[in-house]
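As they're listed, the protein sequences go chains L, V and S. Residue 110 in this note's numbering is what sits at position 110 of the first sequence, and the numbering runs on without skipping anything. Residue 114 in this note's numbering is what sits at position 114 of the second sequence, and the numbering runs on without skipping anything. Residue 173 in this note's numbering is what sits at position 173 of the third sequence, and the numbering runs on without skipping anything.
In case anyone wonders, no lab produced these hints; they're calculated from the structure. Mixed in with the good hints, there may be bad ones.
[To be verified] Straight-line distance between alpha carbons at most 25 Å, and here's what the computed DSS-like set of lysine-lysine pairs gives: (1) K424(V) to K170(S); (2) K68(V) to K126(V); (3) K126(V) to K26(V); (4) K170(S) to K366(V); (5) K26(V) to K366(V); (6) K311(L) to K170(S).
None of the values given here were measured: they were computed from a predicted structure.
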Amino acid sequence: MPFLFALGQRLLQLIPVLIGISVVSFLLVQLSPGDPIRLLLGDRATAEAVAQLREQYGFDRPLIVQYFSYVSNVLQGDLGRSIRYQLPVESLILDFLPPTLFLIGYVVAISVPTTVVLAIVSARCRDRWPDHLIRAAAILGMTIPVFWLALMMSRLFGVELGWFPVSGYGDGFVGHLHHLFLPAISTSTWLIPLLLRNLRAALINESESDYVTASRSKGLGEGYIFRRHVLVNSVLPTLNLLGVMIAFLIGSSVVVEIIYAVPGLGTLMVSAVLGRDYYVIQGLTLFYAIATVIVTLTIDILSAMIDPRVKL
Amino acid sequence: MIARPKARLLHVENLSIAFGSMPVVKNVSFALDEGEILGLVGESGSGKSITCRSLLGLLPRNASVGGKIGFEGRDLLGLSSEEMRTIRGRDISMVFQNPSSHLDPLMTLGGHVMEPLRHHFGQTSKEARQNAIDVLRSVQINEPERRVDAYPHELSGGMKQRGMIGSATASRPRLLLADEPTTALDVTVQARILELMRELNRSHGLSIVFVSHDLAVVAELCHRVVVMRHGEIVEEGPAREILRSPRHEYTKLLIDSQPSSLALPPIVRKHKAETPLIEVERLSITYSKPSVLPGIRKDAVCALQEASLTVEAGESLGIVGESGSGKSTIARAIMRLVEPSGGEIRFRGRNIATIRGAELAVYRRKVQMVFQNPFDSLNPRMRIVETIAEPMVRHGLATRAQALERARGLMRQVELPLELADRKPRQLSGGQCQRVGIARALALDPEVLIADEVTSALDVTIQAQILRLLQRLRSERHLTVIYISHDLSVVRKFCDRIAVFRAARLVELGSAEAVFERPQESYTRLLLESAPRFERTLELAGASDE
Amino acid sequence: MMSLPLASTRRQLEPGTFEIIAGTAIILAWVILALAAPLFSGADPNSIDLSGLLQPPSADHFFGTDHLGRDVFTRVLHAARIDVWMGIAGVMPPLLVGATIGLVSGYAGGATDAVMMRLVDITVAFPFFVLVIAIVGILGPGLFNYFVALALVGWVSYARLVRAEVLVLKNKEFVAAAQALGYPPSIIMARHVLPNTLSSLLVYATTDAVLVLLAGASLGFLGLGVQPPTPEWGAMIADGQPYVVDAWWICFFPGLAAMSLGFGFILTSDGLSRVLGR
Numbered sequence: 001m002p003f004l005f006a007l008g009q010r011l012l013q014l015i016p017v018l019i020g021i022s023v024v025s026f027l028l029v030q031l032s033p034g035d036p037i038r039l040l041l042g043d044r045a046t047a048e049a050v051a052q053l054r055e056q057y058g059f060d061r062p063l064i065v066q067y068f069s070y071v072s073n074v075l076q077g078d079l080g081r082s083i084r085y086q087l088p089v090e091s092l093i094l095d096f097l098p099p100t101l102f103l104i105g106y107v108v109a110i111s112v113p114t115t116v117v118l119a120i121v122s123a124r125c126r127d128r129w130p131d132h133l134i135r136a137a138a139i140l141g142m143t144i145p146v147f148w149l150a151l152m153m154s155r156l157f158g159v160e161l162g163w164f165p166v167s168g169y170g171d172g173f174v175g176h177l178h179h180l181f182l183p184a185i186s187t188s189t190w191l192i193p194l195l196l197r198n199l200r201a202a203l204i205n206e207s208e209s210d211y212v213t214a215s216r217s218k219g220l221g222e223g224y225i226f227r228r229h230v231l232v233n234s235v236l237p238t239l240n241l242l243g244v245m246i247a248f249l250i251g252s253s254v255v256v257e258i259i260y261a262v263p264g265l266g267t268l269m270v271s272a273v274l275g276r277d278y279y280v281i282q283g284l285t286l287f288y289a290i291a292t293v294i295v296t297l298t299i300d301i302l303s304a305m306i307d308p309r310v311k312l
Numbered sequence: 001m002i003a004r005p006k007a008r009l010l011h012v013e014n015l016s017i018a019f020g021s022m023p024v025v026k027n028v029s030f031a032l033d034e035g036e037i038l039g040l041v042g043e044s045g046s047g048k049s050i051t052c053r054s055l056l057g058l059l060p061r062n063a064s065v066g067g068k069i070g071f072e073g074r075d076l077l078g079l080s081s082e083e084m085r086t087i088r089g090r091d092i093s094m095v096f097q098n099p100s101s102h103l104d105p106l107m108t109l110g111g112h113v114m115e116p117l118r119h120h121f122g123q124t125s126k127e128a129r130q131n132a133i134d135v136l137r138s139v140q141i142n143e144p145e146r147r148v149d150a151y152p153h154e155l156s157g158g159m160k161q162r163g164m165i166g167s168a169t170a171s172r173p174r175l176l177l178a179d180e181p182t183t184a185l186d187v188t189v190q191a192r193i194l195e196l197m198r199e200l201n202r203s204h205g206l207s208i209v210f211v212s213h214d215l216a217v218v219a220e221l222c223h224r225v226v227v228m229r230h231g232e233i234v235e236e237g238p239a240r241e242i243l244r245s246p247r248h249e250y251t252k253l254l255i256d257s258q259p260s261s262l263a264l265p266p267i268v269r270k271h272k273a274e275t276p277l278i279e280v281e282r283l284s285i286t287y288s289k290p291s292v293l294p295g296i297r298k299d300a301v302c303a304l305q306e307a308s309l310t311v312e313a314g315e316s317l318g319i320v321g322e323s324g325s326g327k328s329t330i331a332r333a334i335m336r337l338v339e340p341s342g343g344e345i346r347f348r349g350r351n352i353a354t355i356r357g358a359e360l361a362v363y364r365r366k367v368q369m370v371f372q373n374p375f376d377s378l379n380p381r382m383r384i385v386e387t388i389a390e391p392m393v394r395h396g397l398a399t400r401a402q403a404l405e406r407a408r409g410l411m412r413q414v415e416l417p418l419e420l421a422d423r424k425p426r427q428l429s430g431g432q433c434q435r436v437g438i439a440r441a442l443a444l445d446p447e448v449l450i451a452d453e454v455t456s457a458l459d460v461t462i463q464a465q466i467l468r469l470l471q472r473l474r475s476e477r478h479l480t481v482i483y484i485s486h487d488l489s490v491v492r493k494f495c496d497r498i499a500v501f502r503a504a505r506l507v508e509l510g511s512a513e514a515v516f517e518r519p520q521e522s523y524t525r526l527l528l529e530s531a532p533r534f535e536r537t538l539e540l541a542g543a544s545d546e
Numbered sequence: 001m002m003s004l005p006l007a008s009t010r011r012q013l014e015p016g017t018f019e020i021i022a023g024t025a026i027i028l029a030w031v032i033l034a035l036a037a038p039l040f041s042g043a044d045p046n047s048i049d050l051s052g053l054l055q056p057p058s059a060d061h062f063f064g065t066d067h068l069g070r071d072v073f074t075r076v077l078h079a080a081r082i083d084v085w086m087g088i089a090g091v092m093p094p095l096l097v098g099a100t101i102g103l104v105s106g107y108a109g110g111a112t113d114a115v116m117m118r119l120v121d122i123t124v125a126f127p128f129f130v131l132v133i134a135i136v137g138i139l140g141p142g143l144f145n146y147f148v149a150l151a152l153v154g155w156v157s158y159a160r161l162v163r164a165e166v167l168v169l170k171n172k173e174f175v176a177a178a179q180a181l182g183y184p185p186s187i188i189m190a191r192h193v194l195p196n197t198l199s200s201l202l203v204y205a206t207t208d209a210v211l212v213l214l215a216g217a218s219l220g221f222l223g224l225g226v227q228p229p230t231p232e233w234g235a236m237i238a239d240g241q242p243y244v245v246d247a248w249w250i251c252f253f254p255g256l257a258a259m260s261l262g263f264g265f266i267l268t269s270d271g272l273s274r275v276l277g278r
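Sequences are here, hints too, so could you generate the full structure?
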């Protein structure tokens, strides 16, 4: 099975990346200026208590030994303990994960169809008014600060008009949909233009390619050529960008979550950074990185399935 | 079908095409009978491809077309785009130059052939697939049952072109438009594609409009020829009449520019040295792709296998072969642009792999190279005169001012107008760029000049000029030349000795005369037979005349 | 980008020129406003006026006043000193780091390239904003630390871009010609390879400026950027957040300012990519 073999090779290539990720997240705490033990025990702890805990945590051992014990802990699912919440980091992450996942799924569900429709309209009406309008809106969307838009929308639609709740996660699927509508829309406002510009350029580029002329020479209809040849060939670059953007979203949903008080990973991250809750920062960073790796891998597998030229 | 009296199939009258306010085709009229193959010949900018595309209404949106294109009693220019669509791919089909870009990379070969069948005849995918296999067989694709599911990137160039011909002829059109269909292909592949087209013409009575820059190919394939220049027809008539006794000056120029009829002044070589200048001994070169993890996916490509040859001072050695033969690799090895994996190259008895520093700089001055692609071989951001002057400055042979002055002298030597000195490469024509490349190589006053396919991207009349220039420089400067080409007729004209390469191996080496007249290897014979040569065509034509 | 078909004078311009002129004009206007902020508004951006809290926009206060009675217009102008600088200077560290790595990595190839590319793989695995927040969180808030974080994280895109260009250029015959003429690698990279990557670098950097600007404003919003009371658009929006229902203007105008500057960058970028023909 050549596909499985290629997949195996691809997974092997991930090993150095995973090692690198673990080193970076390990160093993140090591390099931090504060003393995590001090933070854990507070300023009034005695020197003996600090030394004792230091030994207990293994902070007196050489860096490389500490790294290996960190990796072995991580492999056993132990990401350390939150100083602020006094809970294991892994269970904190699991608690805060669902709203973020829901939000990202929501954003993708809004953005992808909208992007496809708008890009097709824009490309097919190239240099006519619908195209100009869509492109101008896209530039505007890219330049709006997401957190600002989120604030303005929460004031307008949430407070003024009262259509949507302005904070929280809600209950049940419909409740989530309702509560996360404004956050999802504000994020999409920024995501759609990026994807749109990419897909539009790809569509125009492909529709000027030689095989389109060749298809015309066979008497095939324009609609058919667009659907069967141009669109299929244009999807790949945009798919790759979508992968990058989902990874980006995992991180940039932070601000929107704060504004709408969504109890997601972003909220957790910011509170950890502000409270210098190092193990939460470390655990989250590691978690984000692995999530990104998985997203990228999925996109690569999808590309290989669509395009026979792409090898994993 | 074949025995039917000849009926007029296509009648083009006063065809004019303009892009915006720029006319590209002016008042062109010609006709094509059923079962006839018509050649449309011209150099770049002659409007031949535009004319061909206009027959199917495939011009870009900003083109305006006037005149009349009569096909089976209808004026194609008067048809709605809907009506035109029913003709395209059903009555008139087209084959393009570059099969790689004209096939959708995400569609199988079978898919391409099935498209017109399903579209024009409403065949089910099952019927169409069966028919596609038959079509692929008819265009001589081996194992059509397997190839029908192959994607374009899995096929060779020749195979892709057969597939495209298959896709164009699947619906049994009356007329096939072929726009430089063999230009990107190797000669042996070209010969088989031409044979295929001849076969389609003979067995199905398919009429063909064959667009080409190559007079020799047209001479071999076509019944009648239309010669175009600057958007106008300069001459038209039966192929062998035009080729044997051209009436128009331009046609004469085209014929005289053919390498085989090119007159190059003879070279008087100085006394023959006893030791060869360059010795290549058992040279092997392998390219290996770097792998991410050691031991995994080590693809090694063998580009050259144990090739041995010598180059005498003052001679001109021709290296011929098709793509992937290793002919360019050996040039790059002599230039020390690639590292040999085995064997060695000696210059005046010294292994070039071991020289360093100042000695290497001296070697670089002695051996220089001119490249294939005129636009690619010049830094687009540097002015012409800078490009030529730079080597002298870097080698410390002149101050900047002196170098710029000498560069102008070199421009004169390669017959470049001095007003081009401050231009950028993009503002020059292909032939001019190639002259800049030659001037740059001469800037260091080399003994050996390696010319790698230097004329393959140029029009034939420009090629003739460049060849004359090279010949002149060769005799003036007593240059030793290594001339690499896929074009046998050029090599024969230009070279004293010839080395034939195939699939990374040297297969034959001998004097030009010996290789051409008494080839020892079957591959050399195949190459010679495949290469279109129009004196031979004329001889054959003359013989069948009586 | 938004050229109207009716505007006949614009027709004579090369496509993209109009965008470049308009975009650069917007950026320049902000640079001038930032430099000359005291001239446009004499008030001290940090002067607190407890008698005039949360005043709506008026002739005295064009953009109203905030919860401490500070003039929002004055603060928006003074904040431009931070934000315009952030957008323009913020792209420089990642650009320099990334372009150098990409150039060397692409030209050298082999083991150097393999190591560099693994480094890229590792860095892209961390979502941009997360890593920036984490680094700023550890180094402490502030503009300088933001630039450090940008250099550590943002170089990746530039390295990839330049490397891809270099790989294409490396196979061009003029580079082979330079090698055949015996030029040293440093000269080939500096004179023949690098100049041919500049146009795509420029196009990307102008787009990246928007990202840097908006991410920086987001940090300011989260309290991880420039520290109060120094005015900064993101931080001003954060200040206004509790009052957004009653005093919308505190948040509204800084956001509008950021948007208009970003618009200038993107317009320039689009124009450049058209003129330089991507």
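The hints, checked one at a time:
Taking the CA atoms of K424(V) and K170(S), the gap is near 20 Å; set against the 25 Å cutoff, the hint holds. A hinted pair counts as satisfied when its Cα atoms are at most 25 Å apart, and K68(V) with K126(V) does not qualify at roughly 40 Å. About 47 Å separates the Cα atoms of K126(V) and K26(V), which puts this hinted pair outside 25 Å; it is violated. Simply put, K170(S) and K366(V) have alpha-carbon atoms about 24 Å apart, close enough for the 25 Å limit, and the pair holds.
Our distance criterion of 25 Å between C-alpha atoms is broken by K26(V) and K366(V), whose separation comes to about 50 Å. Between K311(L) and K170(S), the direct Cα distance comes to roughly 23 Å. Compliance with the 25 Å bound is thereby established for this hinted pair.
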